[in-house]
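Quick mapping for you: the protein sequence lines, in order, are chains A and B.
Note that UniProt numbering numbers the first sequence so that position 207 is 207, with each residue one more than the last.
Note that UniProt numbering numbers the second sequence so that position 140 is 140, with each residue one more than the last.
By construction, these hints were calculated from the structure, which means they are not laboratory data.
It should be emphasised that the depicted structure is a prediction, and the values quoted were computed from it without experimental measurement.
Virtual Cβ for every residue (Gly too), placed ideally from N, Cα, C.
Any given hint might turn out to be false.
To be verified - Label-pair distances were calculated between CB atoms; the ranges are: (1) A:S217 - B:F8: 49 to 59 Å; (2) B:L112 - A:D173: 41 to 51 Å; (3) B:G109 - A:A141: 39 to 49 Å; (4) A:Q325 - B:G196: 35 to 45 Å; (5) A:S13 - B:F79: 36 to 46 Å; (6) B:L272 - A:K115: 47 to 57 Å; (7) A:K115 - B:K148: 50 to 60 Å; (8) B:L35 - A:L82: 41 to 51 Å.
Claimed, not checked - Over the 10 Å line for every Cβ pair with chain B, so calculated as not near, a few chain A residues: (9) N91; (10) A289; (11) S332.
Stated by the list, open to error - Sample of chain B residues at the chain A side, in silico, Cβ under 7 Å: (12) P105; (13) N154; (14) E156; (15) L186; (16) M188; (17) A189; (18) A191; (19) G195; (20) P207; (21) P211; (22) I250.
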Amino acid sequence: MNSPLHPQKVGVSIRNAVKRYGTFKALDDVSLDVAPGEFLSVLGPSGSGKTTLLGLLGGFVQPTSGSIHLGATDITYTPPHLRGIGIVFQNYALFPHMTVGENITFPLRARRLPKAEWPAKLQAALEMVELSGYADRAISALSGGQRQRVALARAMIFEPRLILMDEPLSALDKQLRENMQLELKQLHAKLGATIIYVTHDQREALTMSDRIAVMKSGGLVQVDTPKQLHDRPKDSFVASFIGEAMLLPVQRLDAGNLTLAGQTLRSAHPLPSSDDLFLTVHSEKLAFAGPQTAPESNLLPGTVNSCLYQGESVRIFVTLSGGEQVSLRLPSNHSGWQMMPEAGQPVTLALHPEDTIVVPRAA
Amino acid sequence: MTKNVTNFLSPEERRERRMILLLLAPALAVVGLLLIGPLIWMGWQSFQGPDGFTLDHYARFLSDTVYLSSFVQTFRIAFVVTIAALLLGYPIAYVAAKSQGIWPPIILGMVLLPFWTSVLVRAYAWLILLQRRGLVNTMLIETGVIDKPLILVNNEFGTVMATLHILLPFMVLPLYATMKKIPAELEMAGASLGGGGWLVFRSVFLPLSLPGVIAGSVLVFVLTLGFYITPELLGGGRTFLVSMLVSRNIELYNEWGAASSISMVLLLLVFLIFRLASMLIPFERIMGTR
Ligand SMILES: Nc1ncnc2c1ncn2[C@@H]1O[C@H](COP(=O)(O)OP(=O)(O)O)[C@@H](O)[C@H]1O
Ligand SMILES: [Mg+2]
């Protein structure tokens, strides 16, 4: 591959960043280290401070206290145009009065690169986002997905060491979004640049990231790999935010045992020492008890409430004997239909101790 | 085209259109009676001489040098006022558009303040400020900046000054509206891509604010063309604008035909200016309805 885009990798380090607006803390003591070449997602509900965090990195938001390092350089007070960070804004922020080519070459113009070098770089950038031949198009003549790609090409053409993206796919429809997720992932592998990716879509974060930083009210709650975050959430906030999880209040008996509505369950993981605990039940961890069920599994008796056909699977809602609602899925294939219970039918669900995840209530 | 479209309207749509027309009728009647009517009458007048139909009034545009020089002076003053309003108004609108909290209403309020004073009062206020022994001259002499009073009034300078004062809001408001619509992310994007403040302003903000520049300029230019009281009071006879040409023809010579023909030509020129401007930006934007 003879692409002229070869960014040198660089890590990012945010140390004790605080951003106040009056008495309101938009960022509350955030410390985060991103490894060179890492794809890190920042995940959190709207208003949790994700854009503020990106603004801090981009140089548009001055921290009240704390510092930001790019590699070994302290960039806390470096103005945005000298940071060399590529940013893809939430609504692309393409210059509407410029063509695709003029948009993408803007960074070259800003850097006073000799004009003779522009065409080759533009060509490479357009190829990278599969928009060859679009250089002379007006921005208004592009579809949402194409605008997204132009924004990407524009943020990459100057070989930034770090690329920030603020919910870059949120304006696209589902199909296109999933395609772009794959393409972004491949681009990341090709470029090797460090990427910090903001999203409020947990699925997107789980699919794309090396690590995910979960934010809540201006603070970081948990920074972990997608698998860790999904299977070992730190508290009830993370657990309820990631995956299709139901949280059931439980009581701690000892380090490995708990009671759910009077019934004793075993967990393979040491229980947190708190009085306010929740069992995190993901629908994919539940199964109907049968001959294949491991003998050590926790068994939960209940009654089928209803079955919801969802195309590729059927979601079955079960009321446990204690009154709690849970759900599980059966694939909508032949064997799935063979096992399909009827509403009102008594069933027993199996939950393996390895999948018996207990989290404390979020602060 | 339009006719074809109407044919395909459903009965409900047709009824709705009739309703809208009915609701518009009073307004249309007022406009027709008070605007279109007099205009037609004026047009008719401009072709009337003592012996019925004549082209004499229009022929005078070619023979009478006062006409030509008056039009030239009017357009020159309008041009100067427009440029001055743009140079003054752009920074004001920029600061107002970029400031936060209570500042935009304060800045715009200060720009609009003159609107609540009568044109006459403002013209005399400028007279007091700018005359031979006025405030400005007295101050400059007493501080030793000059030793003879400057002639600031009874000339084009005084006219431009006072007209500018009155028309500045017509420049600032369209500029402000246009600037407010430029998303802040565009400038942030420009900066993140390596653009310094000047490059981002010149290549992103300025081009996107051009519709406001055109709208404001057209408004100020066209309004200056028709200004009367201010140049009459502050021009001191040295400025002889088209509006004065019209009024002299009526006051001194009772020449309604000549006055009408001058008005018609000015009107035509204004239409031409709007036509040219609307080739650059939609007419609705000049008038601020969009
Ligand atoms: N300039 C500002 N002035 C006051 N409050 C702000 C400002 N910018 C953001 N905030 C507040 O900071 C919080 C976090 O905002 P933001 O970072 O945009 O959240 P997110 O991107 O996660 O939705 C929000 O409650 C928002 O209202
Ligand atoms: Mg945001």
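Exercise for review: Please write out, lowest number first, the hints stated earlier that are contradicted by the structure.
Suggested key: 4, 5, 6, 8, 9, 12, 13, 14, 21, 22
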